[in-house]
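Asker: In case you want the letters, here they are:
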Amino acid sequence: MNDLIFVLLILTGFVFLGSGRLQFAIRTLALQGILLGLIPLLGNWQGLWGRVLSIATISLVIKGLVLPYFLTRAMHKSKVMHEDHPFVGFTASMLVGIICLGASFWLASRLPVIASMPSQIAVAVSFFYLFVGLFVIMSRRKALTQVLGYLVLENGAYIFGVAYAIEAPFLVELGVLLDVFVAVFVMGIIIFHISKSFDHIDTDQLSTLVG
Amino acid sequence: MNMILAALIVMLVGGFGALLVRSIPKIANSLGLGGAVIGAVAGIVGAISVLLSPHAVNSLRVPWSVPFGSFYLAVDSLSAFFLIPVFLLTGLAALYGAQYIWTPQFKPMIASHWAYYNLLAASIVMVLVARNGVLFLVAWELMALASFFLVTMEHDKVSVQRAGWIYLASTHIGTTVLFFFFILLGTKAGSLDFDRIAAAGTQIHPHATLLFILALIGFGSKAGIVPLHVWLPEAHPAAPSHVSALMSGIMIKTGIYGIIRALMWLGPPSVSWATTLIVIGCVSGILGVLLALVQHNLKRLLAYHSVENIGIIFLGLGIGVLGQATRLPVLVVMGYGGALLHTLNHAIFKGLLFLGAGSVLHGAGTLDLEQTGGLFRRMPWTGIAFLTGAIAICGLPPLNGFVSEFMIYFGAFHAIQSNAALSALPAVVAIISLAMIGGLAAACFTKAFGIVFLGEPRSLQAAQAHESGAWMRWPMAALALLCLIIGLSAPLIPAMLEPVVTEITGFSLSSLPNLSKQIQSPLSLVLVVSLIFGGLIGALAWFRFFRLRGKSKSQTVTWDCGYATPTSRMQYTASSFAQPLMALSVGSMLLKKHIIKPLGFFPEDGSFNSENPDFVEGRFWKPSFKGVEWFLLRFRWMQTGSIHLYILYITVTLITLLIWKLW
Amino acid sequence: MLNLSALLYVLLGLISAPLMLGVINRTKAICGGRTGQPLLQVYYDVVKLLRKDVVYSRTTTWIFRVGPMMALGGLITALLILPCGGAPAAFKFSGDFVLLFALIGIGRFFTILAALDTGSSFEGMGASRDALYSGLTEPVLFAVLITLARITGELSLSSVFANISPLLWSSSAAVLILVAVIIFVLLLTENSRIPVDDPNTHLELTMIHEVMVLDHSGPDFGFILFGSALKMWIFSALLIGAIMPVHTGNALIDGALFLGGMLLTAVTVGLVESTMARLRLLLVPRMLVGATAIAAVCIFLTLK
Amino acid sequence: MNLNNFLIPALILIPLLSGVAALLMRSDVPRRILLVTAATIHSLLTFLAEGAPPLFNNWLALDALGRLFLCITSFLFLIVSIYSIGYLARERKAEKDVRFDFESSSILSNGPESLLTACLLFFLTAMTLVCVSNHLGLLWVAIEATTLASAPMIYFHRRRQSLEAAWKYLLICSIGIALALFGNFLLAVSTATLSGGETELLLDDLLLLAPQFQPLWLKAAFIFLLVGYGTKMGLAPLHTWLPDAHSESPSLVSALLSGALLNCAFLGILRSQQILIAAGFASFGQELLIIFGLVSMGLAATFILHQTNFKRMLAYSSVEHMGILALGVGLGGAGVFGSLFHAINHSLTKAMLFLTAGNIIMKLHTKSTLEVRGLSHSLPVSGALWMAGFLAITGSPPFGTFLSEFTILKAAIEQGHYAIAIGYALILAVIFIVMASIVLRMVQGKPLDGQEAPYESEPWLSVAPPIALFGLVLMLGLYIPPFLQRLLVEATRQLGGAL
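Chains as they are written, first to last, in numbering that gives the first Met the number 0: chain Z, 0 to 210; chain W, 0 to 662; chain S, 0 to 303; chain H, 0 to 498.
For the record, the hints were derived by calculation from the structure and aren't laboratory data.
We put the CB at the ideal spot given by N, CA and C, even for glycine.
Don't take every hint at face value.
As the list claims (entries may be wrong) - In silico DSSO-like cross-links for lysine-lysine, where the CA-CA straight-line distance does not exceed 30 Å: (1) W:K156 - W:K552; (2) H:K445 - W:K106; (3) S:K47 - W:K552; (4) H:K362 - H:K95; (5) W:K591 - W:K621; (6) H:K362 - H:K92; (7) H:K92 - Z:K195; (8) W:K106 - W:K156; (9) W:K156 - W:K591; (10) H:K445 - H:K92; (11) W:K552 - S:K51; (12) H:K362 - W:K156; (13) Z:K76 - Z:K195; (14) H:K362 - H:K445; (15) W:K106 - W:K25; (16) S:K47 - W:K591; (17) H:K445 - W:K25; (18) S:K47 - W:K550; (19) Z:K195 - Z:K78; (20) W:K591 - W:K625; (21) W:K156 - W:K25; (22) W:K592 - W:K621; (23) W:K625 - W:K592; (24) W:K156 - W:K625; (25) W:K156 - H:K445; (26) H:K362 - W:K106; (27) H:K95 - Z:K195; (28) W:K592 - W:K156; (29) W:K625 - H:K445; (30) H:K445 - W:K621.
Unchecked claim - Residues from chain W that face chain Z, not an exhaustive set, calculated with beta carbons under 8 Å: (31) Q638; (32) T639; (33) G640; (34) I642; (35) T650; (36) L661.
What the hints assert, rightly or not - Pulled a few chain H residues facing chain Z out of the computed Cβ check, cut under 7 Å: (37) E143; (38) E163; (39) L180; (40) L215.
All chains should be modelled from the sequences, with the hints used to inform the complete structure.
Answerer: The following block contains the structure:
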């Protein structure tokens, strides 16, 4: 049961890698956010249900609703609907995703097993998200897609956080979420400015500062 | 000690005081000058009193809050000996400088000039009295920076900018090596205070050779040994002349001071050190004089002579170290003594020559040898002063240069006469080098003096040259007189130098009465013969005067094989004077010729000129710098502007570290 | 310190130096099948010049007038250090030879300056060449001194010469012969004799020493002439001193031997001048470097 | 009720509230006064903050290390805020004059000044939080907050280049920080092996329990933290955002970025290193820090060579100095002292240089080293400061930087790391030389055509702050005040070093 959510997370990761339409990618992200929000509920937190519930709710709201909404608005404002010519094609991206997955499992296997984890593949999934996020940022041209990639990366870290929620106290959790939110907010503003003054949000053309 | 501290304070107050009243150049000038001169006088008194009573306590130690630092000053006889020329030249060059910079071109910078000048003098003094590594390095770098700003005073000129950069770069490299030197010493001795270093002999001795090499490079770059000399010929011509005098006369001597100080710490030296010193001296001396010979710029020429004289000092040090290594007191006394005396002498005559060159620049507006000529009639004071300096630097009796070179010769001959073959060889090298340097130096200075001051002016500005003012003349006269005085006080010199040599080596002269006589009598006889020589000249002059009295002395043009109207353009030039020697000694490797041949039936003006770039710079330093540049530029592609690539760097770094550390 | 008897030799040098030039000239004349000038011709010339008026170039300064005096003064003073005839010199001290050559050097220094003072290209040329040769001869000279100091173990010229004994000859004949050769080459060079320079040439372009003194006249030129005779004397005395193995202790015998040696030297120079042609100017440095090489051989032989 | 209890909250709240107020204020002058007032009060409080008791279950506490960095940050902010008065006034005037912006070939336009001021204050809040947080999670939040507060400031000059720089800054730093978040969680996991099972990321607890941590997780966590915070700190090859952001932001912001922000990220690394030391794996972190240090220095040399944009030159020099800081801590022993001391010196010097660069740009309207000549004629005070700053930043005696770099070199040699010592000294020498050739060309010579016009004397508001900084750097080279010495020694001890 526990593993199921993580498997779903992996699959959404692949879906994300293969999606060229931004709207779809944002929705995938929203799905991820919801899945992430569920993870804390899997654990066996006697007596901490209040805390766990509130964390789950907040992350559900922010990652599942607020951020996707905001990103969609930014997408409409910058009038970019599709990731046109990524450096690495979508099919190839999914292949890279497989490599990433392998690397993640290898990395996770190097680290000693932690008994209190809700699922043994949690570590691997979080590394997988880390690599996928980095890869998407590196291989996509649109600034907005890069933000999405950043969020995937962030989700990777977050998997650790929620899978091990008790370690990260409520306030920190909140701070992290707030920071991510503001980061995306500021990025959105900058994307807006980029689309205004460059007539596009292709970041590969943002390369005047050299040397 | 108190006097020297007072001198330091007076100098700094004068210098920075001048900065405060910068809006009134006249007051700034007198304030800066006053500080330098009063400080110099106080300092000389202080230094001499230390030399006279070497056993008095002359130190000051104040805790200092910087890491490894302590504000520890002391004056021993070695410091005091070096302090004398420092203060002497500072004062005289300041007097000269006060008038030299009183020109429209320098006037806006007068205040800052004095601030830097006095700071330079004060930092040199600090270098000599500092007894802590950190304090020493701070003073050392202050000295470099102050002199850098003086060198670049006329930084509107491209040549000065280049000179400034080269100077700054080379001094920094030298200082970096000194960092290693002092840190290594401090690590072994457990402290950077000099007394602790000196006491930590046994910890230091195993690393002595490494430390010796570091000291040679670090201090040698300041002293200007080949191949670290490249900044000298750039910086000296760029600086105002009295500053060149100060830099060449005393600042580069701090390098010598440093090496001697290092030798005091590093324990019993070996013959190989002596050989190293002598080889460096030989190379620097000969290359210095050869390169001097081909220069067209008077101050550049003098700068190369500084390289040469540093070579001579190294030869002396080498002989002294050889004496220590083979336990021969005569060598020690004559080697170290000769080196020390030559240090003092060089300060005096090189100071004098640079002041003379400045006077030429001031009066004739050029330092280009090919533009001068005939200045002796127009600038008699400068001419005589320069001539005195030239005779002294060539090591000719009865002036001071001869005495110090004689001492080094003497020591070296002793080494030959009484040593085993292996240790005699360095001495042989030293003698031959000295002889060669002597001959070439004479050639060079006959050229310098002859071309600049004798014959006919080669340009209009030289023809219209005028003598400098009294403030510039008297310091030159004083230095010229000092050349003679030291030359004539030859017999007193071993006694004067004894405390210093004892301080350095521990060899006591007074404990060897026989030795003292062995050293004393030649120097006395040198004086006697010199005096006879002077008397003979007088007699001949009298005889000549007597013979010519009442005879007709007709004036005519110079005999030019029947050609009745020779012009100044037909004179021998500096380049042609030096050509045979150059062609012989280094072939055409160095020479760059720029020829425009007259062509056709009605040729345009042809021209020929040649220059001799410093091949150490051209063949060694330039390629090394180019190499580093090339290497660094190989990595320039990294900052492409592509954010994707940037993130790739992060990813790769992360993955590499993970794989490396978790494998 | 001061050996009064040696002053006699100083006097002898002063008196008889010009004679050496006479002997050389006479030798050359005989070789050439001529009668030649009188032996004492140089004396006549000097006296005549000293009595003459002077002509100066308008370009010159007092440096020009002082030059010849300095040269002559230096050479005369050098006689005080020069040991002759097996007797110690008037002044004898360790390292005296350094002073001896420095005294010659100061003369040369001023002679060159005087030449440059005229502003003539010819004299500049001569000055340049003279400076070159002095730069080349100096190291050779000191190499010889090193060799001598090393084999005799002495540091003053007088003691060095006094220690040249038959015993030394037997042990290091090769070195001494080489030393003699080198000193002879130096003698020819320093005194501007053939094959280095031709004192009798009339082509200024090829001259070395003579071209430097073109503008001098009257007593000044007299000084120069006398000076060059003294220089010949000094170098010959060095040559003789360095190879003369016989020191009887009897002043008369030693003196006679010395004078004989000097005469022989003069004749040899004359013979060389008669039999050899002048070297091309560019070859002279090569010859001097050759001498340096021989000197190096000497030093290594003594260092072994 | 102890007033001391309010110190730390005050330190955070004053700039925060002032920032909010600044955002709401309409007129310029009161806002500028507010900025300086807030900065002054902040500095005073910082000065008083010694011995402030920890708050909120030890979440906020001020140890020596934090106090050291807080002092630097607060003081630098004060100086910059004073500088900002003149700077903002001139920017505003330029905007009113409808001046042509040479860099973007369009009319000069700036972001709202209120936003800049507010961001400055939020920036200060975030950095203060970095210094006082004793909880690694909070530290992370604060560091990310610094990024967010500073990004809008980079885009103050409304140009394409600034936009590009801001985007790169935001994205790269956010990614870095996200990696650091990974690190934090890995660290949390590594504590899971403890018998208690429950550990918060409180620094004190971590230090206490570190020896029982699961080593592999700890090492992995450190790698993530190092790469993450290292990105923010500007260690090569993670430094790529740094030259862009520094060169495109207004000079006063560059001064803060270089002088204060990088230190905050460095603090993050130091905290991680503290834990490693406590866990007994000091050498693991040291090795990595030494490598990053040397690579940063070397790569900085590459880009300083022939650099044509003098603000980028300063930025790369920051990379170099971050390398030195890392190297110093990596060497341990006296190197830690040298490194912390160097952090102070570097902040002061670099801020001074950036402020001076601001003066130069303000007058000459160019950032190109090729278009600046003869500063000593056209801008005598700034020219002199530029030269002096160059000497200070390259570690020439008698400046404080010399002492700290010297100490680090000494540490290297004392520990027998000769190769490192030689590499370090060699790179420093190369940088000195290549930087000299750039700086000298700018300062010396005759001004170019059009620049030689006699300028009005430089306004004291724009030269006094850098002069003050220069005075301090000089002072630190000759005298270290006792309180600073104590602070440094204490902080050094925290990092397992000793002088």
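Asker: Taking the hints in turn, state whether each one holds.
Answerer: For each hint, the structure was consulted:
Among the hinted pairs, K156 (chain W) with K552 (chain W) is inconsistent with the structure: their alpha-carbon atoms are about 49 Å apart, more than 30 Å. Of the pairs offered as hints, the one joining K445 (chain H) and K106 (chain W) holds, with about 17 Å between alpha carbons and a cut-off of 30 Å not exceeded. Only pairs whose Cα atoms come within 30 Å are accepted, and K47 (chain S) paired with K552 (chain W) is accepted, the gap being roughly 17 Å. Under the criterion of a C-alpha separation no larger than 30 Å, the hint pairing K362 (chain H) with K95 (chain H) is consistent with the structure, at around 16 Å.
A C-alpha spacing of about 17 Å is found between K591 (chain W) and K621 (chain W), which places the hinted pair at or below 30 Å, so the restraint holds. Of the pairs offered as hints, the one joining K362 (chain H) and K92 (chain H) holds, with about 13 Å between alpha carbons and a cut-off of 30 Å not exceeded. Of the pairs offered as hints, the one joining K92 (chain H) and K195 (chain Z) holds, with about 26 Å between alpha carbons and a cut-off of 30 Å not exceeded. At roughly 17 Å between alpha-carbon atoms, K106 (chain W) and K156 (chain W) fall within 30 Å of each other, so this suggested pair holds.
For the proposed pair K156 (chain W) and K591 (chain W), the alpha carbon gap of about 23 Å is at most 30 Å, so the pair holds. For the hint linking K445 (chain H) to K92 (chain H), the alpha-carbon distance of about 29 Å falls within 30 Å, and the restraint holds. In summary, the hint linking K552 (chain W) to K51 (chain S) is supported, as the alpha carbons are separated by about 10 Å, within the 30 Å threshold. For the suggested pair K362 (chain H) and K156 (chain W), the alpha carbons sit about 24 Å apart, so the restraint of at most 30 Å is met.
For the hint pairing K76 (chain Z) with K195 (chain Z), the CA-to-CA distance comes to about 10 Å; that is within 30 Å, so the pair holds. Between the alpha carbons of K362 (chain H) and K445 (chain H) the distance comes to roughly 16 Å, so the proposed pair stays at or under 30 Å and holds. Distance hint between K106 (chain W) and K25 (chain W) is fulfilled; the C-alpha atoms sit about 9 Å from each other, no more than 30 Å. A distance of roughly 50 Å separates the Cα atoms of K47 (chain S) and K591 (chain W); the hinted pair therefore is violated under the 30 Å criterion.
The straight-line distance between the Cα atoms of K445 (chain H) and K25 (chain W) is roughly 26 Å, inside the 30 Å bound, and the hint therefore holds. Distance hint between K47 (chain S) and K550 (chain W) is fulfilled; the C-alpha atoms sit about 14 Å from each other, no more than 30 Å. Straight-line distance between C-alpha atoms of K195 (chain Z) and K78 (chain Z) comes to about 11 Å, which keeps the hinted pair within the 30 Å bound. Restraint check for K591 (chain W) and K625 (chain W): the C-alpha separation of about 21 Å stays at or below 30 Å, so the hint holds.
Our distance criterion of 30 Å between C-alpha atoms is met by K156 (chain W) and K25 (chain W), whose separation comes to about 26 Å. Restraint check for K592 (chain W) and K621 (chain W): the C-alpha separation of about 20 Å stays at or below 30 Å, so the hint holds. Distance check on the hinted pair: K625 (chain W) and K592 (chain W) sit about 24 Å apart at the alpha-carbon level, within 30 Å; holds. Restraint check for K156 (chain W) and K625 (chain W): the C-alpha separation of about 24 Å stays at or below 30 Å, so the hint holds.
Simply put, K156 (chain W) and K445 (chain H) have alpha-carbon atoms about 8 Å apart, close enough for the 30 Å limit, and the pair holds. About 26 Å separates the Cα atoms of K362 (chain H) and K106 (chain W), which keeps this hinted pair within 30 Å; it holds. Simply put, K95 (chain H) and K195 (chain Z) have alpha-carbon atoms about 23 Å apart, close enough for the 30 Å limit, and the pair holds. Between K592 (chain W) and K156 (chain W), the direct Cα distance comes to roughly 24 Å. Compliance with the 30 Å bound is thereby established for this hinted pair.
Among the hinted pairs, K625 (chain W) with K445 (chain H) is consistent with the structure: their alpha-carbon atoms are about 27 Å apart, no more than 30 Å. A C-alpha spacing of about 26 Å is found between K445 (chain H) and K621 (chain W), which places the hinted pair at or below 30 Å, so the restraint holds. The interface hint given for Q638 (chain W) holds, since its Cβ lies 5 Å from the closest Cβ of chain Z, which is under the 8 Å cut-off. At a threshold of 8 Å, the smallest CB-CB gap from T639 (chain W) to chain Z is about 6 Å, leaving the interface hint in force.
Because the beta carbon of G640 (chain W) sits about 3 Å from the nearest beta carbon in chain Z, less than 8 Å, this interface hint is met. For I642 (chain W), the interface hint holds, since its Cβ comes within 8 Å of a Cβ in chain Z; the closest pair sits about 5 Å apart. At a threshold of 8 Å, the smallest CB-CB gap from T650 (chain W) to chain Z is about 5 Å, leaving the interface hint in force. The criterion of a C-beta within 8 Å of any C-beta in chain Z is met by L661 (chain W), whose closest approach is roughly 5 Å, and the hint holds.
At about 4 Å, the closest approach between the beta carbon of E143 (chain H) and any beta carbon in chain Z falls short of 7 Å, and the interface hint on this residue holds. The interface hint given for E163 (chain H) is met, as the beta carbon of that residue sits about 4 Å from the closest beta carbon of chain Z, less than 7 Å. For L180 (chain H), the interface hint holds, the least distance from its beta-carbon to any beta-carbon of chain Z being 4 Å, beneath 7 Å. For L215 (chain H), the interface hint holds, the least distance from its beta-carbon to any beta-carbon of chain Z being 6 Å, beneath 7 Å.
Taken one by one, the earlier hints fail for this structure at numbers 1, 16, listed in ascending order.
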